[in-house]
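Colleague: The primary structure of each chain is shown beneath.
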Amino acid sequence: MTAFTARDIPVLETERLILRGPQPQDYPDFRATFSSYRSRFMGGPLNPYETWMLYAAEIGHWQIRGYGMWMMHDKASNKPLGMAGGWNPASWPEAELAWIIWPETAGKGYALEGTNAARDYFYDQLGWDGVVSYLDPKNLASIRLAERLGAQKDTQAQTVDGNDVCYRHPSRSDLKDSQIADGIAMELRSYQDPLFQPKGYALD
Amino acid sequence: MTVQIPTLTSERLTLRGPDARDIDALSAFYASDRSRFVGGPMNREQTWRQLATEIGHWTLRGYGRWMVDLTATGATVGMVGLWNPEGWPEPEIGWDLMNGHEGHGYATEAALTARAYAYDVLGWSTAISLVKPGNDGSAHVALRLGARMDGEYSHVRFGHLDIYRHPAPADLVNGGAEAYA
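If you're matching them up, the sequences are chains G and E in order. Counted from 1, the first sequence has number 125 at position 125 by the UniProt record's numbering; the numbering is strictly sequential. Counted from 1, the second sequence has number 96 at position 96 by the UniProt record's numbering; the numbering is strictly sequential.
You may find that some hints are simply not true.
What the hints assert, rightly or not - Under 10 Å between C-beta atoms, here's a sample of chain E residues computed to sit facing chain G: (1) His-57; (2) Gly-62; (3) Val-156.
Said to hold, decoys possible - Here are the simulated distance ranges between beta carbons: (4) His-155(E) - Val-160(G): 38 to 48 Å; (5) Lys-153(G) - His-140(E): 51 to 61 Å; (6) Tyr-37(G) - Glu-45(E): 20 to 30 Å; (7) Ala-168(E) - Pro-93(G): 47 to 57 Å; (8) Asp-136(G) - Trp-88(E): 47 to 57 Å; (9) Arg-61(E) - Pro-89(G): 13 to 23 Å; (10) Val-121(E) - Asp-174(G): 32 to 42 Å; (11) Thr-159(G) - Gly-103(E): 16 to 26 Å; (12) Val-156(E) - Thr-159(G): 22 to 32 Å; (13) Lys-75(G) - Arg-157(E): 30 to 40 Å; (14) Val-156(E) - Pro-24(G): 16 to 26 Å; (15) Arg-189(G) - Ser-154(E): 22 to 32 Å.
Calculated directly from the structure, the hints in this document are not laboratory data. Every residue, glycine too, gets a C-beta built ideally from N, C-alpha and C.
With these hints in hand, go ahead and build the complete structure from the sequences.
Modeller: What follows is the structure, given as structure tokens:
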């Protein structure tokens, strides 16, 4: 019997987070969120069978595409906080930067920190020139995050099914050393160090 | 994270992990009416997600379904192996033959190999196969493998399914692979 070694999923670290491939032990939080109303903007709520099949597909996506969605963990406690990364199943017009935060961890900037790291990885390590996010126009929290990441609505772009909106992120060259990148770093520092109060920057 | 999918061989067949190259064969199968007993027909987008799920199943369970290639030609003739998504009644041995490869005993040969792996390597003490009523070809494979009807099961997506139970490891001569071949 021989074995082939499948692609390793890279591990990313940020100030507060560690991003790893989805593992079996991370499933309960995924199931809780995708069986709840919170998943309404991502095709949910799903029944238990659909939820498990989707979770398996998140893992298989890595093998097929060479990238995918990471599970974000709190670096100190290892607690799973949500997911962030790349998503590009067969019918997607372009590779997407996607995210979902487990309900109790929202509002602490984890999604910003995770998506910013994922986007940097796609730009710096995989050499992507750009990326988009497909959002439900009613998903105001995600639209706000897309805007904080510097993405802008692209009304010309093809969308997944016509019910979503395409937000186009700054290209790799536009993001590099930009005011947007500085603003993200400053906002993240305000979460990482609550005593840090940036001047002239509105915190929400 | 590393997923190790073992490659198994039988007299005519090589069982290997699914990967990106399999989307065309699977899309043709799931687009066809032949897939109506196993959740199809499905379009290419749905099939892509199914392929991703097949791969992820290995990570989540430590086992899964293999793509079955003819060793002599490399042609992919089926998807066969061990299947146990959330809510399944018990771990299952399942088989799908790709279009145009029916009637050669490939499903039986590959399922025997998968069953031997489940019993000898994973230490399973029993195994079932789920067959949709009307899928006579699949029921015939189950019977050839020595499995017998043992109840029924209703699934949210697949509806009513017959449960076939395989002989236990102790009931198979030499651990199974030769017993019904």
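Colleague: Determine for every hint whether it applies to the structure shown.
Modeller: Tested hints:
| no. | hint | in the structure |
| --- | --- | --- |
| 1 | His-57 | holds, 5 Å |
| 2 | Gly-62 | holds, 9 Å |
| 3 | Val-156 | holds, 6 Å |
| 4 | His-155(E) - Val-160(G): 38 to 48 Å | violated, 28 Å |
| 5 | Lys-153(G) - His-140(E): 51 to 61 Å | holds, 56 Å |
| 6 | Tyr-37(G) - Glu-45(E): 20 to 30 Å | holds, 25 Å |
| 7 | Ala-168(E) - Pro-93(G): 47 to 57 Å | holds, 51 Å |
| 8 | Asp-136(G) - Trp-88(E): 47 to 57 Å | violated, 32 Å |
| 9 | Arg-61(E) - Pro-89(G): 13 to 23 Å | holds, 22 Å |
| 10 | Val-121(E) - Asp-174(G): 32 to 42 Å | violated, 52 Å |
| 11 | Thr-159(G) - Gly-103(E): 16 to 26 Å | violated, 45 Å |
| 12 | Val-156(E) - Thr-159(G): 22 to 32 Å | holds, 29 Å |
| 13 | Lys-75(G) - Arg-157(E): 30 to 40 Å | holds, 39 Å |
| 14 | Val-156(E) - Pro-24(G): 16 to 26 Å | holds, 22 Å |
| 15 | Arg-189(G) - Ser-154(E): 22 to 32 Å | violated, 54 Å |
Of the hints listed earlier, those the structure fails to meet are numbers 4, 8, 10, 11 and 15, in rising order.
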